[in-house]
Amino acid sequence: MSASASTAVKQDAGPRSTRRRGRAGYLARLALAIVIAAVIIFPLYWMVVVALSSRADLLSGDLRLWPRAFTTENFDRVLSSFPVATWFGNSVAISLVVALISVTVSLLAGYAFAQLRFRGSNWLFLLALSTLMLPVQVIMVPLFRLVSNAHLYGTYWAVILPTAASAFGVFLSRQFILAIPRDLIDAARIDGAGQLQVFTKIVLPLSKPLIAVLFFMSLLQTWNDFAWPLIALKQNELFTLPIGLLYLQGQFGSDYGATMAFALLNVGPMVLLFLVFQRYFVQGFARSGIR
Amino acid sequence: MTSRRSRLNRGESLTGYAFIAPNMVLLTVFVLVPLGWAVVISFQQTNGFGAGRFVGFDNYTRLATDPVFWRSTVNTVLFTVIVTPVSMAIGLGIAVLLNSVLPARGVFRSIMIVPMAISGVATALIGVLVFDQDTGILDKLIRSVGLPAVNWQSGGTAAFASVLIVTLWWRVGFNMLIYLAGLQGINLELYEAARLDGASWWQRFRYLTVPLVGPSSFFLLILNVVYSFQVFDLVFVMTGGGPENATSVLVTYAYDNGFVTGDQGYAAAIGMFLLALSLLFTLVRWRTSRTRDLVE
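From first to last, the protein sequence lines stand for chains A and B. So the first sequence is residues 222 to 512, counted in the working numbering. So the second sequence is residues 8 to 303, counted in the working numbering.
No lab work stands behind these hints: they were computed from the structure. Note that this is a predicted model, so its numbers are computed, not measured. Virtual Cβ for every residue (Gly too), placed ideally from N, Cα, C. Some clues are possibly wrong.
What the hints assert, rightly or not - Derived, one-sided and incomplete: chain B residues facing chain A with beta-carbon distance under 10 Å:
id: 1; residue: Glu19
id: 2; residue: Thr72
id: 3; residue: Ile101
id: 4; residue: Arg116
id: 5; residue: Ser117
Unchecked claim - Chain B regions said to be covered by chain A (calculated; three or more residues, Cβ under 8 Å):
id: 6; region: 137-147
id: 7; region: 257-271
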């Protein structure tokens, strides 16, 4: 927007002064962008520095933005004291299963709400959507009892099943699938395709970006989920990385080197995936009719 | 013909119900049933996880005279009315900046949204690391330029501010992303016309950009309020609601009652209050902007 501002200014008024003004504006914007980016990046940079610094370095009172020497001692201490590999595996397993269930369930429901006519569909859609407003803390007490009574407590399913249905996933799917022309579906129906065939042969192939978005967003959310897993995962060996991270902090207190080393194991894989999947992520938001 | 169409529709209806069934079953079992159950529990006095005893509105009347509950309510509202407009304003500012001509614009955009990928617990712990009032890098920086140290942990206001700052760091990227999508949908000819009419940069921002990203603002308003009502990870890990409940919010207070002190009936009542607050917001939103429905 201010981009077009600077180019157009060049055209009307006197050429030299405005070009200089446009140039100054450009440099000011660049400087501002660099400052903001630095504010966002610095805490992450600092996490990495602390994770790679020795204890003595961290305890010294002077201000230094670069470690005296890099060391992996924090990682060694964390890996030897906690079942980090198990927790990492738990996080991967739970996130993948939730993402698969969530994508499937959201696509099916999103297709029905977008393209199929049935009594009460609007009302049911609003009902599904309204659960977005509901914090887990409102239902955590009965949900915990339910999970215990169903003998799910002490298994992965205690986390997986209550988090698998995603109101946002259904919303996003419906918005995306609404954009598929109804004529395309009707034509396939007239050609004799069954409802399930329409879904698998027409809707799914056209929804690849949506599927990527849903899968990644669910993966991200579950990987980072905290409030419910904190309640639902009691045994140490079932912990996911965020719960393990809190547990480790409780044990190690202000041993920031160890805490940050472990935090990196939680943060690193997701940031990498995020950067790779970014296109789908941004595209998903833009195409969900949110504009 | 008509009978054939109605048969087709019946088939379509059945398919519709079948397709939404998996989602609805999960939702019913793990959200709606617990919600109804939570209403029941909120009228009970419970001891740990044993069967409760009905005590009428006792839990609710207790809320009225509980100072920690009121503190948590005030903090939740305060958090919401600060985080929502500030994260939207900064988000819009950065979106406008990163929608203009800049080198490596894509890289800047990516950097802004990286915090979205980081877990609440890790974010909170990075916050603890940076804001530590004894060894934190922030206070070292503050003192190195000659300013007085800030008691980020022992001071109530400072602790609340530290949670707000970390929240903004975490959330601004999301706001920017939504606004960026909104900005890219704007017809640039409008700006051309405004410029020919002699509108200044600020006028174009105020009278074109702001109204034109209205739908994005509306969407963000809802999501930011919903998020703020539910803020748990950051508070729980960064401050645990302390010092002396200065940062306690409704969700952390409910958790403390339900799973630390084991007063589950009371925790459920706090949950009901939070739900009522959310519904009130929805109602106000519905009344004030019927024309812009999220759904259609």
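Hints versus structure:
Interface hint at Glu19(B): satisfied, since its Cβ lies 5 Å from the closest Cβ of chain A, which is below the 10 Å cut-off. A hinted interface residue such as Thr72(B) counts as satisfied when its beta carbon comes closer than 10 Å to some beta carbon of chain A; here the least separation is about 22 Å, so the hint is violated. Taking 10 Å as the C-beta cut-off, the interface hint given for Ile101(B) holds, the closest approach to chain A being about 6 Å. The restraint placing Arg116(B) at the interface with chain A holds, with a minimum CB-CB distance near 8 Å, inside the 10 Å limit.
Because the smallest distance between the Cβ of Ser117(B) and any Cβ of chain A comes to about 6 Å, under 10 Å, the interface hint for this residue holds. Only residues whose beta carbon comes within less than 8 Å of a beta carbon in chain A count, and the region 137-147 of chain B has 5; three or more means the coverage holds. Counting residues of the region 257-271 of chain B whose C-beta lies closer than 8 Å to any C-beta of chain A gives 7; at least three are required, and the coverage claim holds.
Violated hints amount to a single one, hint 2; each of the other numbered hints is respected by the structure.
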